[in-house]
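K.L.:
Below are the chains, spelled out letter by letter.
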Amino acid sequence: MSRLVALALLAILLPASALAQQEGEGSVYSRYGLGQLLPHYSSKSYALGGEGLAFNSTTFTNLANPASLSDQILVRLSGGMRFEGVETTDALDVQSKLSSSSFDGLTIGVPLRPNQVGLGFGFSKMSQVGYLIDVIKPLDLGDTIDSGENFGARFQGNGGLNRISSGVGYRLSPAVSVGLRGDVIFGIIEDIQETVFQDARFVDTKIVRSTRLFGATAGLGVRVSLRDLLRDTDFLNLAFTFDLPTTLDARRVIAEGRGETADTLQSEIPGSVDIPMSVGVGLLYQPSPKLSFNADLRYEPWTEFSSDLTFPGYTPVSGGSNTDDRLRVSGGIEYFPAGRDLLAPFLQRTAYRLGAFMESGYVSPVNDQKVDSYGITSGVSLPTLGGGTRIDINLDVGTRGTATGSLVRDRYIRIGIHLNFAERWFARRQLG
Amino acid sequence: MIVGKRNPHSMHRIFLALLIVALAACDDPSPVGIDLVDEQSGTPYVLEVPSSQPESSAVLEATGNAARALFGTVDDPLLGRTETRGYVDFVAPTVLTQNFENTPIEAASLLLLTDYVYGDSVSEITVSLRSVDLEWSGTGATSDTTIFVGDVVTESLQRPQSGVFEIPLPQDWVAQWDTTMRGTTFADAFHGFELSTTTSSAVIGTQVLGSSIRAIAAGDTSFFSAGRSLTRVIDPTGPSAVPAGYVLQDGQGLAAAFRPQLGQRPTAVLNRGIVRIPADTSLSVDTPHAFARPPIETLQLDWISLDGTRTAIAAAVRGSTHFEFESIQLHDSLSVFLQGGGGLDRLQVRVPDQENTLSVILLPTPPVLHLAVTPVQQ
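Residue numbers (the numbering used here), protein chains in the order written: chain S, 1 to 432; chain F, 1 to 378.
The shape of chain F in the complex, shown without the other chains (with noise of 0.2 angstroms):
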């Protein structure tokens, strides 16, 4: 009997030692045994998947309050006619000083911060303005927007360079809108400027934040800062004759669009996706004397759905040869794409919208997308 009431104390010490030997066992795997699953071992592998040859596809240039503002026209001899007119509203200062209330503004002039030109950039332009007649609005407006428009205020000669245009405004012009300037009512009352050219040698793009009226009043110096902004793109013609490739250019309505072409599925999931697009800039080294022709330095990729739903996925910074797209987004879809899902009609390339330029890039040969997948086994 004693030895009976000895032993659950006996087996308990047992049990306990058991487990701690059990609990001691720290795991350390290693590579053994890694050659009997290595022909299913998912060693990730690049699967390049070619595309279509680009092509056209319709798209809204939402040039309303973009970065930039384009104004005049160009004959290029290679990708043919492009009219632009530009639209600057502006907003007067938060404080204007008493000197300025209360005294009458003696001088203004518009001063536009220029930092892009398409065509000829020596021969002079001369710069129209136009008061604007209505209201309007900038945000999600697009190039074929209708804008109304008034009389000729003013044209300036000027060269088509990076800088700053400064345009006298005529002292009718100060004397009518005078009061307005010095007052409160001057967003509601002003509706901006139109810009345009007279010429046709070259379009001027200008940076919507640098661009101002600046007014003189009593010695002290108001500046009534660029707010909404919009470009007009008027009938462009097209190319009239292009190398072998793709030519595209911003401001034209036109995307270029490539379908991926798969073929057979295979069993791999992503871990790394990259659109590569090739990219030449002949067009704009080749170039007529004294004719600038600015390449395209950022583009976007669309995702076009089935249903036609268009999701800006990625956007890339053009490299030495080509454009190379790469995001989370684009990942996340090429997966449910190598999966077979997705829904992808095709992908689109365009400048984005707020860039706004008349950009030009020349894609010699289709996208490839390269995929870094790694094989599933079944």
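For reference, chain S alone in the conformation it holds in the complex (with noise of 0.2 angstroms):
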């Protein structure tokens, strides 16, 4: 039965992914660089800090480490939708409210030989662009045309990369675990101009400048594990990811309008966009069923970053660029009260999580100010009669960039609901 409904997720979840470049409005500081960079999809460890490199995966599937989809045990099917609201705030202390709602990724992860080798495949988005700004001001354009009106330009961006993955985790001993992941990006970055005025003898416009990006890469993953350090039932895991740099291929196109009605204003621009490498250190010890501790970074020498296309943040001129390294520290707790016990109350059998995050940004509007991030995370793992399936309801909140100067301070909520499904499959029957 469970399959059933497992398959039918999947049914709704596969044509939701197209939505993952829906238009939603949130940070302005998206608008810069490749957009706002995310994790691979994971409930779990969105609500342990974000990241959740030295977690094995029997709880879900962690591509963020390819060594972890060899702890696999049950075919898991995983997805979910994210809703956030962010109040933004300059510093004259005037504020603006934006929210969205987006598809947020999907995971499948398929036990080759249950906690030896593993699979998995997932859809996430890798970055996201959304933000909306509007403002309303006097047109003065001097004497030569006459015009007594103010006009309005809103700036909006939408879209974003995507990755599909696909990963193989195996375990070389009970202490090590190997991984390789490959990884398709794709997606596109929309930047819209739009002005508009209110005396009807000027034509209102709106230019679309959407760049189009396409490309793959490949991360490994190692994890160890240090059984009984402290205790006979605590564990240490120990993980490093490296994901390689790549070279995205690009296609620019910049319109009037959008759709049937666009009107191309120049020729496509072809480019390539160099993303640079990413390595992870993880922790997690776990001292006994009922907790876990883990703790995480993630480095990327965003300066590294080059392309012969403009973006927001970066202009491939010399001196032209605002990216910096980006440094991703997180942490987080698991309370699991039930333990090993499947038996135990609903309530005993949630798993509790608490996270929290700080992040340097790669990329800034300006270029001697960094955009740092700083967020809380949470989140309940719900049972449900369905063996490992679960419902995970996640909570995070956080403060992004400052309030000084030109720059903004995002401060944001975020409430995600994911949904895991959790199944034996391919096992043999045994009778008797």
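Accuracy of the hints is not assured; some may be wrong.
Sample of chain S residues lacking proximity to chain F, with all beta carbon distances greater than 10 angstroms (derived) [as the list claims (entries may be wrong)]:
#1 Glu190
#2 Phe214
#3 Asp228
#4 Thr247
#5 Ala250
#6 Met277
#7 Val317
#8 Ser318
#9 Tyr374
Okay, the calculated bits of chain S under chain F, using three or more residues with CB under 8 angstroms as the criterion [said to hold, decoys possible]:
#10 82-95
#11 196-209
It should be emphasised that the hints constitute simulated quantities derived from the structure, not laboratory data. Note that CB positions come from ideal geometry on N, CA and C, so glycine has one too.
Put the two chains together into one complex; each comes in its own frame, and the hints tell you how they fit.
P.N.:
Right, dumping it as structure tokens:
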């Protein structure tokens, strides 16, 4: 029965993946670079600071570290939606509020040989662009053209990069697992600039700059498990991941208007985008089945980012880059009162998660000012009647940037709803 | 187990509550963050595109069925000699009175509603009428069309001023056309008059819609209204001495052509486009005594493509110092032009054919395109 439900979820979420490009509004900082970077999809790691590189894949499909795919026992299908509200404040204490909702990701985990070899597949956002700024100004065109009215300018961005991942994890020994993952990266980043006039003699314009990106990369992961360190039931996982740098093929089109009425302003501009490598280090300490602590660090040298196309915060000339190396530090605690007791009451079989992170932005609107982010993540993982199937509800709050000078401070709240279906497939039925 | 059964309902409630919270969030965008995009914020500005000095470009003067027909000859001390001949045909009334149909016409006159004088506005002129011999068409006819005419029907002395020229038609002409005018074959049998002058002092313009043949029979008056019309312009000599600038005169088969000089193409889109052509009416003000040289009141802007296609794209009435052209078609074409397309060879201005004048304007300086544009981020 749950297999049918899982297939139904797949049928719903796969078309929904097409909506990953849907319009939504959020941080103005997502305008810069390739957008706001997002980790591999995982409801559990989201609630535990955002990475979870050293986690096993027993309760979720951990594509961030393909070595973890070796731990799988159940076939798992996960997907979710995200609802986000952002309150932005500038130096004058003026505020704007924007909200968005979007498909968050989808993962499928398949244990080829339980706890030894496993496959993982996933679709998730790699970066997200979503901003909306409206401004009204007096229209001052001097004496040559009569204009006594205001005009309005709207800056809007949407889209971002997506990745389709497939990975394999293999347990070399009880202590060491390795994994390999391939990612196909694609997406469209749209920056829309609208100008509207009160004076009917002026024609409103809508300029859409669409940059289509496509490429591939690969990542590898290693995880080492050390058991019985401080007590009989504890273990410590150490994880290391390395994602290769890659070059995305880019095609840019600038048009006036959208859809069938779009009027291309110039011929398609080809280009390329070089994305730097990504290195991750993770730590997981689980003193008992009821409790775990994780800490992660990710480093990406975005100062090596280059492109022959212009992006906000980056121009392909010497000194035209506001990029900086990205460092993300996160950690979390998971409390699972039931431990291994599968018959415990509902609230004890619920997992409670709390995390935090600090991230230095990889690109900034202002050259000498970094845009750092801080946040608290949390979530509950609710059990269902169906074995390993769970419903995860996450709640994150955080802040990004600072309301000084021309910069702004984002405060956001993010609610994630995720469905995780798990079932034992391909198992030989035991008779007698 | 009991707890397990309750759980799904609890989860549904939580799920619904979260959905409600999410959906209740409303967008309230504002200028917050505009400073972060200000450098590329797309504030409109005016791009002024100069043009080349106007030069003459040959055009066909489609004077057929214009609102006005010209006739007469003028020797302009500044702009030379221009001879025009007007052709006007008439249509019978839809209904004739029984008295009119049954009684011979006693008298007939040609009534010309004049509204335009170019030249000596004081001296009397002799208007000469000839009958047109063959069928002719006004639609699309140009000022070089040949019309075959017969002998002089009559000549009449008139004062060149706005009003009505009443030219009595001779009795032998009335007798010749009496039965035709009272019958049903007038439209096929009669082909109109050629109007000209025997003097060279002025060109007169007559409103076609206000002109007619008035015929009286048995006390009943019938008006045979003017229908088709045409003006021929015969061998204009062109300006002999003109002041600095370009002199544009209607009726000479010439337009003032110019080429916008955009230079480096800006990365911008058009919000409003105006073509402004400076206009000097001094040629109409500084004239010899009693010599009328009307200024051009309306100009038409043509877009000439590289393949020679001409598209009338805007029209403008003269302001105090310039003509200002603005239209949707002009905006659309300038938008394409701004992006490097459109295949524009040149722009040209001329008096709309429907006006049909010999009016004149001095274009002292080259036209300028005033383009309100929004910069585009690359």
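K.L.:
If a hint holds in the structure, say so; if it doesn't, say that too.
P.N.:
Against the structure, the hints come out as follows:
| no. | hint | result |
| --- | --- | --- |
| 1 | Glu190 | 12 angstroms, holds |
| 2 | Phe214 | 21 angstroms, holds |
| 3 | Asp228 | 34 angstroms, holds |
| 4 | Thr247 | 21 angstroms, holds |
| 5 | Ala250 | 13 angstroms, holds |
| 6 | Met277 | 28 angstroms, holds |
| 7 | Val317 | 12 angstroms, holds |
| 8 | Ser318 | 17 angstroms, holds |
| 9 | Tyr374 | 19 angstroms, holds |
| 10 | 82-95 | holds (count 7) |
| 11 | 196-209 | holds (count 8) |
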